Amino acid sequence: MTSGNDISRTRVPLAPAVPPLLVFFNPLTQLAYIPISVGLGRSLDLSPAQIGITIGAHSVATAVAGLLAGPLLDLVPIRRVLVPGMIVNAVVSILLCLYQSYAVLTVGRLLTGFASGAMALCGQALVADLTKGDPRARDRGYSLLQTFVSMGAASALALGAFSASLDQPIIVFAVGAVYATILLVVVFVARLGRERPPDAHAPDVPFRRRIGLTLRAIQAMLGERRRRWLILSSVGIGLIMQGSHFGVSVLLDRLADDLSTLERVGVSILIPCGVFTGSFINRMSLKRITREQLFTRLYLVIPLAAAAYAAVALAALDVAAVALTLVLLGTCLGALMPLSMAISVNWNPELRASAAATEALSRSVGQTTGPIAVGVLVALGGVSTVGLVVFGATLLGLAASRNIFTAKSDAAVP
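So for the sequence shown, our numbering puts the first residue at 1; every next one is plus one.
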């Protein structure tokens, strides 16, 4: 079989560009909808609870995609998952342009969430394939993916805000349809994803038998002590990210009378901007130290940024102080997040999609519980407590990170 590096250099020169474009799409479809959801819900006479369901449907479907697409991508060529995912996204986005109702929005968000989640996993698996035999290049590849995730988040929020200001939610769905169609063309031109995935089993094993063997390999992977600690630290990352995002919304509501619309939009995208900067720092740092060293050092630093975030909220400081702490927190997250994905995949390269799905699902748990925890704490202690959940999550991740590389049953990381 032609190696991943040979593929990217000769047969398919567009190949390295495809994974970043794939991971860009998931935050685009997820977050661009949020700014238009309130106005769209009002026009359709939806209750706040119904609007919330249409928002949350995407995240739920993305999590389910990880459960199903992860193991599947370790058994079949990537194209068999990637092409149907892009077609579903394009077709459903076109339908959402033509007709909206509560049922259509909910089902449409479920379908696009599942498809874009599977596409993101395809991008992560492609990075592993295209950097086969070069773990450092793989680390930098996942860092680049994080850069595009942050760009997708900021672009999505801007697109949604622009569509909402024009009262034209159809723009969001139209962009989704066009983007999926362009991606489909790029994948076919690149002739990408036809190769078989890395195989942990003998090639003469029947496919049904391979399914059972792969599932048992996944079970063994999840049973490793180091994996459980990594999962816990990834839950902490999700808590920090989504808890801080929701906390920003709470703080902006408190400062609403003192901020212009432009300032509100600017503050709302500061964390993604920090993540973009952090992913660049990640790539530069990996030239000098290992991913494990950088991971443990960052988990020593990020509690300080979270503590600053909590202190600003408690002291009710002005928007400039809020902005500074958000950039610092986002930068730490941007440097940290690609590392847990790289570590997860490098531990089990023969199960690269399942390992990536495990990491994504762990973050989803944190992303789901983070806003809930912030909401409960704010209800009990007021707006000034929004940063305490974020700070607590950093301590959770720090405790887990201390054990990831010291578990007695663990083999050396490649």
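Calculated directly from the structure, the hints in this document are not laboratory data.
No experiment lies behind these values; they were computed from the predicted model shown.
There may be inaccurate statements among the hints.
[Unchecked claim] Simulated restraints, written as ranges between beta carbons of each label pair:
#	residue 1	residue 2	range
1	K287	D45	21 to 31 angstroms
2	D45	L300	31 to 41 angstroms
3	Y99	T290	28 to 38 angstroms
4	R297	S43	42 to 52 angstroms
5	V383	G212	45 to 55 angstroms
Virtual Cβ for every residue (Gly too), placed ideally from N, Cα, C.
Here is what the structure says about each hint:
1. At roughly 56 angstroms, the beta-carbon separation of K287 and D45 lies outside the given 21 to 31 angstroms, and the hint is violated.
2. Distance hint for D45 and L300: a CB-CB separation of about 51 angstroms, inconsistent with the stated range 31 to 41 angstroms.
3. Distance hint check: the CB atoms of Y99 and T290 are about 52 angstroms apart, inconsistent with the given range 28 to 38 angstroms.
4. Between R297 and S43 the C-beta distance comes to about 50 angstroms, which sits within the given range of 42 to 52 angstroms.
5. Between V383 and G212 the beta carbons are some 53 angstroms apart, a value that agrees with the proposed interval 45 to 55 angstroms.
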